[in-house]
Structure formats: C-alpha cells, structure tokens
Amino acid sequence: MKEDIRVLISEEEVNFRIAELAAQISEDYKDLCVHLICILKGSIFFTCELAKRITVPVTMDFMSVSSYGDDTRSSGVVKLVKDLDEALEGKNVIVIEDIIDSGRTLSYLLENLGKRNPASLRLCTLLDKPERRVREVKVDYTGFQIPDKFVVGYGLDYAQRYRNLPYIGVISP
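Residue numbers (my numbering): 1 to 173.
These are computed hints drawn from the structure, not numbers from a lab. Here the structure is a predicted model, which means the values were calculated and not measured. Glycine included, each C-beta is placed from N, C-alpha and C at the ideal position. Hints should not be assumed to be uniformly reliable.
Keeping only pairs whose Cα atoms sit at most 30 Å apart, straight-line, the calculated DSSO-like set for lysine-lysine is [as the list claims (entries may be wrong)]:
no.	residue 1	residue 2
1	Lys-52	Lys-41
2	Lys-52	Lys-82
3	Lys-30	Lys-2
4	Lys-30	Lys-115
5	Lys-115	Lys-129
6	Lys-79	Lys-41
7	Lys-129	Lys-79
8	Lys-41	Lys-30
9	Lys-52	Lys-2
10	Lys-41	Lys-82
11	Lys-82	Lys-138
12	Lys-149	Lys-2
13	Lys-79	Lys-138
14	Lys-138	Lys-41
15	Lys-79	Lys-30
16	Lys-41	Lys-115
17	Lys-79	Lys-149
18	Lys-82	Lys-149
Quick list of simulated restraints, FRET-style, between CB atoms [what the hints assert, rightly or not]:
no.	residue 1	residue 2	range
19	Lys-79	Asp-4	22 to 32 Å
20	Val-7	Arg-116	36 to 46 Å
21	Arg-6	Lys-30	12 to 22 Å
22	Pro-147	Glu-86	31 to 41 Å
23	Asn-15	Glu-131	22 to 32 Å
24	Glu-3	Pro-57	38 to 48 Å
25	Ser-10	Glu-86	32 to 42 Å
26	Glu-136	Arg-116	20 to 30 Å
27	Asn-15	Asp-83	29 to 39 Å
28	Asn-15	Gln-160	23 to 33 Å
29	Gly-114	Met-60	14 to 24 Å
30	Asp-140	Ser-64	14 to 24 Å
31	Glu-12	Ala-119	34 to 44 Å
The task is simple: from the sequences and hints, build the whole structure.
See below:
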C-alpha cells in the first residue's frame, strides 16, 4: 500500500526555524554549557541540526521512549526503552523532542528527569499539537504548532518509514 504525503512545512522553513531556536537557546545559556537529551528515534535529525547551530558548549545524551508502536495514535502507555548513559545532576538540560501531542510521554519523561537533580530542565520540540493535549507540559522552545494531522519527515515516521524526508509532510494512508 502506498501512502500519499503532502508537504506541510518545507525544508527551508524547517531549517530557518531551527536556526532561530538555536540562536534563542544560545542567548538563554550564554556563558553556560547545555546538555541536550535527544529522544530517539524521532528527534535525532532535529537534535543534530539544532546542536550544530547552538553557539555555547553542548553535550549530548540519548533516551528512547515509546507510546506509538506501529500505529498512528499514541497508546497512552509510556515505555522507557533506553535510559541515559550519564548523570544529570547539576547540568543545564534541554530535552529535545520531535513532536508533542497528548503530552503523556513528555509529562512522564520530565517528571523522571527532574528527579535526577539537573540545574535546570527545559523542553524543546520541533512540532507541537496543543489541541491533542491530555497532559499539560510546559514547552520552552517550539519550532511549529501544527494541526491534528499525522505527520512524517525530519525524523518522524510511519511504521519506521519516511524519517529521512527533509520536510514535514502530512500522510494519508
């Protein structure tokens, strides 16, 4: 079965907005080091592009959580697949996510990471679907607010496909 994908946010728009977010983070953390936590697999493209543009020192670690499987809607059950390799105590942490919709995953994750005593804990997302929010989460840096459509590209997938698209597209199976 072939899915139909239409461009929602172009590659140029994504790149421009990432540069703006990096400039804001660099300003907010002037004279500090930021520790980026990339939420695998979806936010890997966004995290790498963002990190390249941040002008203050950056360290990184990776976590993997799941609430989707191969479906287009969150199951509501958050599963920690891969935990961090490093401690967070005293670090200025920014969690980097590809998309926030229900807020369940990020609510769970931020609570979990907050217990690890970081100096600060903020959230940065490429995409935000606030109308789907079930759990409230404070998003400090947002790339784009989008409508309640299932999107792929720039790290976001449908059954592990389409992550490599250089734009954000709406998929219609």
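Hint by hint, here is what the structure shows:
1. Between the alpha carbons of Lys-52 and Lys-41 the distance comes to roughly 18 Å, so the proposed pair stays at or under 30 Å and holds.
2. Restraint check for Lys-52 and Lys-82: the C-alpha separation of about 24 Å stays at or below 30 Å, so the hint holds.
3. Restraint check for Lys-30 and Lys-2: the C-alpha separation of about 47 Å exceeds 30 Å, so the hint is violated.
4. Note on Lys-30 and Lys-115: the hinted pairing holds, with a Cα-Cα distance of about 25 Å set against a maximum of 30 Å.
5. A threshold of 30 Å between alpha carbons decides the hint, and for Lys-115 with Lys-129 the separation of about 26 Å falls inside it, so the pair holds.
6. A hinted pair counts as satisfied when its Cα atoms are at most 30 Å apart, and Lys-79 with Lys-41 qualifies at roughly 14 Å.
7. Restraint check for Lys-129 and Lys-79: satisfied, since their Cα atoms lie roughly 21 Å apart, inside the 30 Å limit.
8. For the given pair, Lys-41 sits about 29 Å from Lys-30 by alpha-carbon distance, which is consistent with the 30 Å threshold.
9. Between the alpha carbons of Lys-52 and Lys-2 the distance comes to roughly 34 Å, so the proposed pair goes past 30 Å and is violated.
10. Straight-line distance between C-alpha atoms of Lys-41 and Lys-82 comes to about 11 Å, which keeps the hinted pair within the 30 Å bound.
11. Proposed proximity of Lys-82 and Lys-138 is supported: the alpha carbons are some 23 Å apart, at most 30 Å.
12. Note on Lys-149 and Lys-2: the hinted pairing holds, with a Cα-Cα distance of about 18 Å set against a maximum of 30 Å.
13. Note on Lys-79 and Lys-138: the hinted pairing holds, with a Cα-Cα distance of about 21 Å set against a maximum of 30 Å.
14. The straight-line distance between the Cα atoms of Lys-138 and Lys-41 is roughly 22 Å, inside the 30 Å bound, and the hint therefore holds.
15. Between Lys-79 and Lys-30 the CA atoms are separated by roughly 35 Å; this puts the pair beyond 30 Å, and the hint is violated.
16. For the proposed pair Lys-41 and Lys-115, the alpha carbon gap of about 23 Å is at most 30 Å, so the pair holds.
17. Proposed proximity of Lys-79 and Lys-149 is supported: the alpha carbons are some 23 Å apart, at most 30 Å.
18. About 28 Å separates the Cα atoms of Lys-82 and Lys-149, which keeps this hinted pair within 30 Å; it holds.
19. Between Lys-79 and Asp-4 the Cβ separation comes to about 30 Å, which falls inside the hinted range of 22 to 32 Å.
20. The hinted window of 36 to 46 Å between Val-7 and Arg-116 holds, with their beta carbons roughly 39 Å apart.
21. Remark: the range hint 12 to 22 Å for Arg-6 to Lys-30 is contradicted by a beta-carbon distance near 40 Å.
22. Separation of Pro-147 from Glu-86 is about 37 Å and conforms to the stated range, judged on CB atoms against 31 to 41 Å.
23. The hinted range of 22 to 32 Å is satisfied by Asn-15 and Glu-131, whose Cβ atoms lie roughly 26 Å apart.
24. At about 41 Å, the CB distance of Glu-3 to Pro-57 agrees with the hint of 38 to 48 Å.
25. Between Ser-10 and Glu-86 the C-beta distance comes to about 36 Å, which sits within the given range of 32 to 42 Å.
26. Between Glu-136 and Arg-116, the C-beta spacing of about 21 Å keeps the proposed range 20 to 30 Å intact.
27. For the pair Asn-15 and Asp-83, the beta carbons lie near 31 Å from each other, so the given range of 29 to 39 Å is met.
28. Separated by about 24 Å at the C-beta atoms, Asn-15 and Gln-160 satisfy the suggested range of 23 to 33 Å.
29. Separation of Gly-114 from Met-60 is about 19 Å and conforms to the stated range, judged on CB atoms against 14 to 24 Å.
30. Look at Asp-140 against Ser-64: about 22 Å separates their beta carbons, and that is inside 14 to 24 Å.
31. Range check, Glu-12 to Ala-119: about 35 Å between beta-carbon atoms, so the 34 to 44 Å window is met.
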